[in-house]
Amino acid sequence: MTHALAFIEISASGEIRNTAAMLIAAAAQLGTPVAVVVAAPGTGDAVTAQLGALGAAQVYLAETDTAGSLLVAPQLAALEAASAALQPSAIVLAHSIDGREIAGRLAVRLRTGLLVDVVDVRSEAGNVIATHSVFGGGYTVEATVPGGGPAIVTVRQGAIEARADATTATLTTEAVIVDAASAAVIDAVHDAVVATDRPELRGAARVVSGGRGLGSQANFALVEQLADALGAAVGASRAAVDAGYVPQTSQVGQTGITVSPQLYIALGISGAIQHRAGMQTAKTIVAINKDADAPIFDIADFGIVGDVFTVVPQLIEALGTRAE
Amino acid sequence: MKIIVLVKQVPDTWGERTLNTATGQLDRAASDAVIDEIDERALEVALQFKDANDAEVIALSMGPSSVTEVLRKSLAMGADAALHVQDDALSGSDLSRTAAVLAAAITKSGFDLVIAGNEATDGRGGVIPAMIAEHLGVPSMTYLDSSEIVPGSIRGVRGDEHGTVAVHASLPAVISVTEASAEPRFPNFKGIMRAKKKPLDVWSLADLGLDESGYAPGTEITRTTERPARTAGTKIVDTGDAGIQLAEFLAAGRLI
Ligand SMILES: Cc1cc2nc3c(=O)[nH]c(=O)nc-3n(C[C@H](O)[C@H](O)[C@H](O)COP(=O)(O)OP(=O)(O)OC[C@H]3O[C@@H](n4cnc5c(N)ncnc54)[C@H](O)[C@@H]3O)c2cc1C
Ligand SMILES: Nc1ncnc2c1ncn2[C@@H]1O[C@H](COP(=O)(O)O)[C@@H](O)[C@H]1O
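So the sequence lines, in the order shown, correspond to chains B and F.
Note that the numbering used here has the first sequence beginning at 1, numbered continuously upward.
Note that the numbering used here has the second sequence beginning at 1, numbered continuously upward.
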């Protein structure tokens, strides 16, 4: 079986990002999974056991002093080297901000085909077949990279639920040379401190989103209370983001995050087409809106024409009673 | 300072967007085509620099003849010139080919800075700017929430899934900007009149010295299926117990 590389993002402090499990599983669907990691010399060994536990047969650790000081160039050099050494059939990355930039440059550098934002991958007669969900889930498109060269694939975060079996990974350490001339420089990294134990929006099984109908940042707490009562992630419409009720990272829709949960509850959201594009593949959609003509009702499995400030507290209470 | 702004024509997100299920390609006739909102912001970033500095701003787009409208709007907003890469052989281009062609046009035109949108609302790939940068052999900084052009270099703040990263690069470079960047200006009457006299050049593949061969092996669409439209389910008007009814609905569906 050929190799399939999974590019693992790690934080400035050396922790594996939470897309690792999904990426190793995706690589395992395409070949023998090799996790590729970039770290400053002597700092990366610690992740080997963790990546093995996530299913990586091998860890390819690329060491460079530029890890953390140059933007994407170290990662590109690492994947270029790993690809030359292992001749993989596929290179899988997260469709994250970094993943996209690395994948785009890598596809040009290796002169090979690029499949982006895929929601599933499989191998058929040696070819990588990727499934895309486009126009807000309105269409499913399958595509492949014909001819030789590794297929470069970016996977939508949270889209693949499969997990690879744990194993003990072997470790290969290589020093890589990074071309600094065509690279941007990192001046400072500010990872936001997430002081919440709510599930992450991407890949969440339940999502409660609030819109402009919440009226204020203070009132938006109601969305969070319902989310906590359901063990759900918190999302928002762009209008709620623009009004400053929540950070941009909560935005669901066309230009925000695409979610596909079991349950999506829209509170005070009209259901503009750009919002629906990010949530209409949810299994069950619930909407609460004052306006009986709000377009969100066209796609809701359970719609309530009512005021969120009366319906939601009653719902939270009813959920509490049931839980007892 | 020569700034090239990449503007893409996309189907209006306010309308229904349709794919041809036989070819997997966009059915252009089925929806209104507009300049992608994000690219208006990219143009705004360039125009704000031009407002205060000596700069030439060129809008570049690859696409069918309808793209002229998008370029006219860019000129009306304040771009100095427009470039349109149009060739029948480009119909149905994938990411690899789009990036190669745009990079060739940028090289031919010459540039100090390329500004693109972070991701197009139709494809949502968000990779074209990085691919172009690799073709050009220059630094890329994508997904900038804010940016500042300083002599010889550009710096900005990139928002990612985890927080923010402050970055800089020497020019020439390619950047892409997000929705958090400048609110685009509206073209005024004077701008619209002036746009009519500004140059709008159309280049074919031959003009770029490219032919149909010589591209990276691209991608091939093997199947396109349409998801059945969603339909409305139960809709109730709250008469005092809607919250309780909803709890029952969730319980019945094993959602709690
Ligand atoms: C290119 C482009 C990209 C976009 N991308 C996105 C995107 O990614 N995500 C996104 O969400 N939007 C996006 N939009 C914006 C989108 O068009 C809408 O403007 C936005 O979704 C509206 O948000 P909203 O539903 O919260 O606000 P509104 O449309 O103002 O709706 C508020 C709703 O709240 C209801 N309401 C008010 N008070 C109450 C109450 N007390 N109880 C119950 N209901 C109440 C009202 O009846 C109304 O229906 C995009 C737009 C464009 C042009
Ligand atoms: N055909 C095109 N013509 C001009 N610019 C484009 C084209 N395709 C993509 N771009 C630019 O690249 C950005 C990101 O596009 P994408 O990578 O397709 O999501 C867009 O916002 C545009 O600035």
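To be clear, the hints were calculated from the coordinates, so they are not data collected in a lab.
One should not assume that every hint holds.
To be clear about the criterion: a stretch of chain B counts as covered by chain F if any three or more of its residues have a C-beta under 8 angstroms from a C-beta of chain F, and this derived list gives those stretches [unchecked claim]:
{"id": "1", "segment": "22 to 29"}
{"id": "2", "segment": "59 to 69"}
{"id": "3", "segment": "141 to 149"}
{"id": "4", "segment": "289 to 302"}
{"id": "5", "segment": "307 to 319"}
Glycine residues also receive a C-beta, built at the ideal position from the N, C-alpha and C atoms.
### Query
Do at least three Cβ atoms from the segment 307 to 319 of chain B come closer than 8 angstroms to Cβ atoms of chain F?
holds (count 11)
### Query
Do three or more residues from the segment 59 to 69 of chain B put their C-beta atoms closer than 8 angstroms to C-beta atoms of chain F?
violated (count 0)
### Message
At least three residues with a C-beta closer than 8 angstroms to a C-beta of chain F: is that true for the segment 141 to 149 of chain B?
### Response
holds (count 9)
### Message
Just to make sure I understand the rule, a stretch counts as covered if three or more of its residues have a C-beta closer than 8 angstroms to a C-beta of the chain. Does the segment 289 to 302 of chain B meet that for chain F?
### Response
holds (count 7)
### Message
Please check whether the segment 22 to 29 of chain B has three or more residues whose CB lies within less than 8 angstroms of a CB on chain F.
### Response
It is violated: at least three residues are needed, and the segment 22 to 29 of chain B offers just 0 whose Cβ sits closer than 8 angstroms to chain F.
Checked against the numbered hints listed earlier, the structure breaks hints 1, 2; every other hint is satisfied.
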